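Engineer: Construct all of the structure, not just a fragment, from the sequences and the given hints.
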Amino acid sequence: MGRGLGGRVTSGGSRDAVPGAGPPKMAVCIAVIAKENYPLYIRSTPTENELKFHYMVHTSLDVVDEKISAMGKALVDQRELYLGLLYPTEDYKVYGYVTNSKVKFVMVVDSSNTALRDNEIRSMFRKLHNSYTDVMCNPFYNPGDRIQSRAFDNMVTSMMIQVC
Amino acid sequence: MEAAGAAAAAAAAAAAGGGCGSGPPPLLLSEGEQQCYSELFARCAGAAGGGPGSGPPEAARVAPGTATAAAGPVADLFRASQLPAETLHQITELCGAKRVGYFGPTQFYIALKLIAAAQSGLPVRIESIKCELPLPRFMMSKNDGEIRFGNPAELHGAKVQIPYLTTEKNSFKRMDDEDKQQETQSPTMSPLASPPSSPPHYQRVPLSHGYSKLRSSAEQMHPAPYEARQPLVQPEGSSSGGPGTKPLRHQASLIRSFSVERELQDNSSYPDEPWRITEEQREYYVNQFRSLQPDPSSFISGSVAKNFFTKSKLSIPELSYIWELSDADCDGALTLPEFCAAFHLIVARKNGYPLPEGLPPTLQPEYLQAAFPKPKWDCQLFDSYSESLPANQQPRDLNRMEKTSVKDMADLPVPTQDVTSDDKQALKSTINEALPKDVSEDPATPKDSNSLKARPRSRSYSSTSIEEAMKRGEDPPTPPPRPQKTHSRASSLDLNKVFQPSVPATKSGLLPPPPALPPRPCPSQSEQVSEAELLPQLSRAPSQAAESSPAKKDVLYSQPPSKPIRRKFRPENQAAENQEPSTAASGPASAATMKPHPTVQKQSSKQKKAIQTAIRKNKEANAVLARLNSELQQQLKEVHQERIALENQLEQLRPVTVL
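Residue numbers (this note's numbering), protein chains in the order written: chain X, 1 to 164; chain U, 1001 to 1659.
Misleading hints may appear alongside valid ones.
With a Cα cut of at most 30 Å, we get these calculated DSS-like pairs of lysine-lysine [stated by the list, open to error]: (1) X:K35 / U:K1306; (2) U:K1608 / U:K1637; (3) U:K1306 / U:K1350; (4) U:K1608 / U:K1619; (5) X:K102 / U:K1306; (6) U:K1602 / U:K1617; (7) X:K127 / U:K1306; (8) X:K35 / X:K67; (9) X:K52 / X:K93.
The set of hints was computed from the structure by calculation and includes no laboratory data. Predicted model only: the values in this text are computed from it and were never measured.
Structural biologist: This is the structure we're talking about:
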């Protein structure tokens, strides 16, 4: 994805990430919502008003539910996990992803990150999903608890925009 | 080795502490002298744990103790002073070592002072030491430390000092010769500092001694003037560098391991000390793994591991984090190396070590698998352990500390796995045995392997799940016995017979006398008869309760076998109960013969049932009897009052007649 020969990140245009750094840091807010629509994990870049992001994530849940129900029960198996752009706002874009156990991942990215491509978002969701699976594999984690795994935190941090 | 090192360090520290205080009362030691003497004493005392040394006859015998200097080094030291033998004799006599039989600090200091005096040409007298003297010079054998190197095999710990002793400027050439001499004598000896011609030099020499380094009081190590000599020393020291440095490293690592115990983070060359698994730990972890999962090459499921680790009483977030660290492949199950890593992390955490940010390299599964090949049910396992033992000897104390805590933990899973408890304890005992025997891995290993070989079958049978254990525990209960043996139901008819008349008896107030004796379970056929007899007895008026009871007792006594049983109505339960087996045994002995082999278990369980019913009935009877008793008591009171009234009347009447 990212690394050019010179070690510069070439995919996508301008980005705030340090060139040659690891995976692109793009998201402004990442949230994991449980099946019952309460947050298992939510993290946003600290500079912004976190409440705003919480609100955005919350409102996006409606859209997620809409998309899920739109498929119908017959299509559950064929339903794609990646939901795509849920709704754009002036400043932000919200993407959604839902697992087969109805755990939702919501990601808010900055609209100014115009060069963010869809498959990048997909890969980020895939990473989120993998990390979430690892968290679930931990026998000390009870489904429904808040996620307090350091590995998960690290992974999410790697995906968030690094605010210097 | 370790003990010697520890003793050396301890003795050195103690001696240093003691020496720095004040010299023996009669002696007035200057500061330099004090330090020098304390150093020398420390060295001599430190080598006390080492080999005996070939002390010349003039050396006093040394009492085994950390506060005494060994005869060998002392003697060598004295010889190094190049004083004639008889002078040394005198000195030892004067210092009192001969008197007390050992070289304590006092004696040692006095001796040193006397040596100084002698070397200065003063007569060897106690008075000589009262004056200011230069420090004693020890020429031939360099410093004391080197003397010990004469017995490299014995004085292991002292070898540490070898590379660090410096030489004296003036005597450097002499030292060369002496070194060469010394080297010819004992190739492993290293050249050491030699004869100090000036106190300050000498003073620094012992301070640059390895022991001070061991004590990590390295402030005065390698004073500048000596650094120049170091390279000169090294050529001579190179020969001894080989054997010397290795034990030096060992000692240093041991000391470092001690410091690691005290400090959480040791930034020495062994940063992984707390994360390194030793042999004993490894064995213990493996055993625990086996207790959870008989097959060592498979893995433990998450729930099983969770239950196991939860017993460590660490908080769930911490356990969760430890799991994250140790489950490298994030599959929700722990293989053996992962399990060992997790266990080790738990142990470390319980001992206060903060959890690392990432899995330490020594705990990586690949490393663990490489260092400790997967356990197999044969001796190869332990052979590999013994091979990797030297590499992992360093944090021994730490791990002993951990081991105790781990053992505490081990006690937790033991109670819950009763089936494997015996195995575990036996294994633990083997671990305990293996612990103190550092060298005797071999005898321990066959034992372990044998025990382990004996274990697998039991382990494969003994499941780890508690349910199976419970099921197994439930197996012994036998099927209920067939009725004919105890005739529980059949005899209950008798019971009913017994009860029914007794019930009206109680209701009518014809209460049985309070039982005086506990019923004796004497089954006999006459019980029924005696029961029938008892009934009419019990139906007598309660007013005769007091009299009837003894009468009944007599009656009862007259019919010894079952009378006491009879006395209680309710205990008739038990009587009936006893009757049951009795009738079962005796009455229908024919029945018994008819069915010669009703299983014992059936009998026992049937008897148990019968006993339980009897117990119930007894309890009921007890309750009823208690009520009866209270009523009787009231009646007794009334009767007493009547009697008193009657007596009063009698009294009133009597005087009339007596007149």
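Engineer: Would the pair U:K1608 and U:K1619 pass a check requiring their Cα atoms to be no farther apart than 30 Å?
Structural biologist: 16 Å, holds
Engineer: Keeping to a limit of 30 Å between CA atoms, is the pair of X:K127 and U:K1306 held or broken?
Structural biologist: Given pair X:K127, U:K1306 holds - Cα atoms ~26 Å apart, limit 30 Å.
Engineer: Would you check the hint for U:K1608 and U:K1637, treating anything up to 30 Å between C-alpha atoms as holding?
Structural biologist: 42 Å, violated
Engineer: Against the 30 Å threshold, does the CA-CA distance of X:K102 and U:K1306 hold or violate the hint?
Structural biologist: 26 Å, holds
Engineer: For a C-alpha distance cap of 30 Å, please report whether X:K35 and X:K67 respect it.
Structural biologist: Holds, at roughly 15 Å.
Engineer: Between X:K52 and X:K93, is the straight-line Cα distance small enough, at 30 Å or below?
Structural biologist: 13 Å, holds
Engineer: For a C-alpha distance cap of 30 Å, please report whether X:K35 and U:K1306 respect it.
Structural biologist: 25 Å, holds
Engineer: For a C-alpha distance cap of 30 Å, please report whether U:K1602 and U:K1617 respect it.
Structural biologist: 22 Å, holds
Engineer: Given the proposed pairing of U:K1306 with U:K1350, does the C-alpha separation stay at or below 30 Å?
Structural biologist: 17 Å, holds
The structure is inconsistent with hint 2 alone, although it conforms to all the rest.
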